[in-house]
Amino acid sequence: MEVNVFLLAKYPFLEEAKSFLESYSTVSFEDLSSDEDYVRAVKRGVERLKEAIVFKKISFKNENLIDFKAEVLSFPIAVAFVAALNDDFLRNIFATAEGKRVYELLKRDSYSDLELILKDQKIKFYSPEDPSSSLYRIAFSEYLKVSPQKWGKTWKLVNRQIKRGFVYVSKEELSRLVSEHVKNRILERSRHPVDAESFSGPLREGYVELKSTWESYKLKFAKFNKGSSESSFPPCMVRLISRQKSGENLSHVERRSLVTYLLAKGQSVEEIMTLLKSSPDFKESIARYQVEHLAGLRGSRKKYSPPSCETMKSYGLCFPDEWCKNIKHPLQYRGKPSSQTSKDE
Amino acid sequence: MNGSELRFLRSVYSEYYLKHSNLIEVPPPVSKREIGFVVGNEKVMKRHMSFQDNEAIRKYILDNLPWDAFHSCSVYEFPENPIDKKNVIWSEIAFDIDAKDLGCQGETYWVCDKCGEVFKKDLQKCSSCGNELREVNFIASTCIEKTYEKAKELALSLVEDFGVNENEIKVFYSGHMGFHVYVDSQVFREISQDERREIIDFLLLNELQPNFFVLFSQLQINKVGVGRRIASNVVKIIESPSSYAFLDEDSIKKIEQRKKELISSVSEGSLKLALSLLGQKILKRIVQEALSMSRIPIDPSVTLDEHRIIRMPGTINSKSSFPKFEVSLSEKVYPLDLLPTYGEKPIKLKVRIAPPFRLRGETFKELHNTEEEVPRFYAAYLVSKGVAQVV
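From first to last, the protein sequence lines are chains A and B.
Sequential numbering from 16 applies to the first sequence in this note's numbering.
Sequential numbering from -15 applies to the second sequence in this note's numbering.
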């Protein structure tokens, strides 16, 4: 079968890309060190990851199509770097940035690219039923797998058109779902253990360079870690903070619950903004507006209260420990009494 | 409950199981499911058991006459291990709808176990002897009917919205005040715990944006997903308008006059005729009512928890001493008329209180501080509720 190399350059996560890359898998890294395509691919792999860390998105220019071999190969190399650096925060940043790149490309591209990816990734879907309809149908289980509920109410299943197991989505919505699917696949792939010791030549150099970029980036977030006294936080909030710190995109409800709680605990808008910066989809202006709104500094000037234990339970966000027994509100949580702490320790 | 009541209940259980042990049916693969029983006079829960097949389970039940029996919705590699070491192979999904979640409650009394007084109000302490009172909730026939309807709506949603095959859905009377809907469909096996939350929200209408489905500006209901449920409930209101207190006489008259046309236009998703006939205020009220009727009040914790154990079909529920049994989706029946036959011989009871109750096509009359001969299966119900003693 003829391989569309340009397509693989745009979407190097495709199954088809694997067979294209097979020729490289038979050669050792040492042998590849002198291969020009390979050297450029490593360079582009490093660039992919750096762009993800610094700009939260990965570029795609037309010249990438000219050097298609390096472009395709740079993707598994970047994944290998992420796997070797073995940090969930980085995994999320990289996977989100790759997902965004795919979304931008699909928005620009024809329907055929989208359908090709869907088929390649074995996602069950139907094209629009007739020319008057522009809605695709996607199996509801596939729809739920990419967790679109995190993106707001319009994505919740309760607000979707669903019939006989299929959810109706527009081309743009489907592109977003596909990009989220790609993100999840990359997260999975980057969890396969890779030993950095096995890297040599350009790969080793690239790894060292990225490790240093990543370390200095992470230092920026140390401030929040020092500032908070999470030991007195209830387990529901500790979980949200830990997910936030590991670079996971929290849902609207989750983020709102966390922010209102931290505000009520006396944290400043700036401190909270530092924590939110670890979100892969962080947008300073939007996040600041939301935090200030919840703090009562904007709009209606109403300061919002954190949800009660009952509400947290109904959101499925309550993970009680033994000190949650007699409280009705996360703010009432006092944790392990200090005397008990010292006794246990 | 004293020794003679416990012995009586065990004799009814024994009679039921000897006659109907074939109804005990754990879904395959039986040996890969966690099985649990409530046993002994102290009613202790024994979990993390496994059995080779349904025959072995039936034998255990006949030998031990447990108060309650459960099986896991999940299939495990090691069903006997503690929960974190069982290793889920796949999980089926179960829904539980209880009458109380529909806001439907049978008669409630407060009983003094010391002197036998019965109160209609919760006085906390018995006014005769000062003893603490015990609350007793009776099953109401109307609540069972309403809950059964909701269970059917849920099953319809699984077919129409989620594409589940009808033969992959089983509906059971739970043995007490509700129904269980059990689904074994490949498409649900692939769904994680987090994704189940979305299905729960879909049924409970959590975070629903009604204006996505009810397009007042276009006088239309978009009949897909929740919109299908809203449209069908608007039709339900039109079918019997006098059952809805918010409709005035004039509106009821107008609906009755053009009922057929109204039903047909709303079934098509159009609200034009309804608006011209009833006006905006009444139409909005009807839609609002239809919306609240569209909520299917399942218990989220049952559906969400993949490690949940659910009552075993064909076994007795100790809250009522009635068995859990499968009911048809298509027939229009009162489910408790289909209660399997057992315990028909009469027994004399001293009854403190018993509201009227329809079972197996017969309505048992109200009883209050009296001695009465009743069939053993009904006697077991009253004894389980703690309102009767064997004479």
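For the record, the hints were derived by calculation from the structure and aren't laboratory data.
Any given hint could turn out to be false.
[As the list claims (entries may be wrong)] Here are the simulated DSS-like cross-link-like pairs (lysine-lysine), alpha carbons at most 30 Å apart as the crow flies:
| id | chain 1 | residue 1 | chain 2 | residue 2 |
| --- | --- | --- | --- | --- |
| 1 | B | K27 | B | K98 |
| 2 | A | K168 | B | K3 |
| 3 | B | K98 | A | K168 |
| 4 | B | K84 | A | K168 |
| 5 | B | K303 | B | K136 |
| 6 | A | K171 | B | K268 |
| 7 | B | K104 | A | K160 |
| 8 | A | K171 | B | K27 |
| 9 | A | K178 | B | K105 |
| 10 | A | K160 | B | K207 |
| 11 | B | K268 | A | K168 |
| 12 | A | K340 | B | K109 |
| 13 | B | K16 | A | K343 |
| 14 | A | K139 | B | K104 |
| 15 | B | K349 | A | K340 |
| 16 | A | K171 | B | K332 |
| 17 | B | K334 | A | K343 |
| 18 | A | K160 | B | K154 |
| 19 | A | K328 | B | K136 |
| 20 | B | K237 | A | K171 |
| 21 | B | K104 | B | K154 |
| 22 | A | K340 | B | K16 |
| 23 | B | K207 | B | K244 |
| 24 | A | K134 | A | K33 |
| 25 | B | K3 | B | K104 |
| 26 | B | K84 | B | K70 |
| 27 | B | K207 | A | K186 |
| 28 | B | K70 | A | K178 |
| 29 | A | K340 | B | K154 |
| 30 | A | K33 | A | K171 |
Okay, the hints, checked on the actual structure:
no.: 1; hint: B:K27 - B:K98; result: 22 Å, holds
no.: 2; hint: A:K168 - B:K3; result: 52 Å, violated
no.: 3; hint: B:K98 - A:K168; result: 55 Å, violated
no.: 4; hint: B:K84 - A:K168; result: 29 Å, holds
no.: 5; hint: B:K303 - B:K136; result: 24 Å, holds
no.: 6; hint: A:K171 - B:K268; result: 24 Å, holds
no.: 7; hint: B:K104 - A:K160; result: 51 Å, violated
no.: 8; hint: A:K171 - B:K27; result: 42 Å, violated
no.: 9; hint: A:K178 - B:K105; result: 48 Å, violated
no.: 10; hint: A:K160 - B:K207; result: 25 Å, holds
no.: 11; hint: B:K268 - A:K168; result: 23 Å, holds
no.: 12; hint: A:K340 - B:K109; result: 28 Å, holds
no.: 13; hint: B:K16 - A:K343; result: 39 Å, violated
no.: 14; hint: A:K139 - B:K104; result: 58 Å, violated
no.: 15; hint: B:K349 - A:K340; result: 44 Å, violated
no.: 16; hint: A:K171 - B:K332; result: 57 Å, violated
no.: 17; hint: B:K334 - A:K343; result: 44 Å, violated
no.: 18; hint: A:K160 - B:K154; result: 26 Å, holds
no.: 19; hint: A:K328 - B:K136; result: 28 Å, holds
no.: 20; hint: B:K237 - A:K171; result: 39 Å, violated
no.: 21; hint: B:K104 - B:K154; result: 38 Å, violated
no.: 22; hint: A:K340 - B:K16; result: 34 Å, violated
no.: 23; hint: B:K207 - B:K244; result: 19 Å, holds
no.: 24; hint: A:K134 - A:K33; result: 15 Å, holds
no.: 25; hint: B:K3 - B:K104; result: 38 Å, violated
no.: 26; hint: B:K84 - B:K70; result: 33 Å, violated
no.: 27; hint: B:K207 - A:K186; result: 21 Å, holds
no.: 28; hint: B:K70 - A:K178; result: 35 Å, violated
no.: 29; hint: A:K340 - B:K154; result: 37 Å, violated
no.: 30; hint: A:K33 - A:K171; result: 34 Å, violated
Hint compliance for this structure: hints 2, 3, 7, 8, 9, 13, 14, 15, 16, 17, 20, 21, 22, 25, 26, 28, 29 and 30 are not met, and every other hint is.
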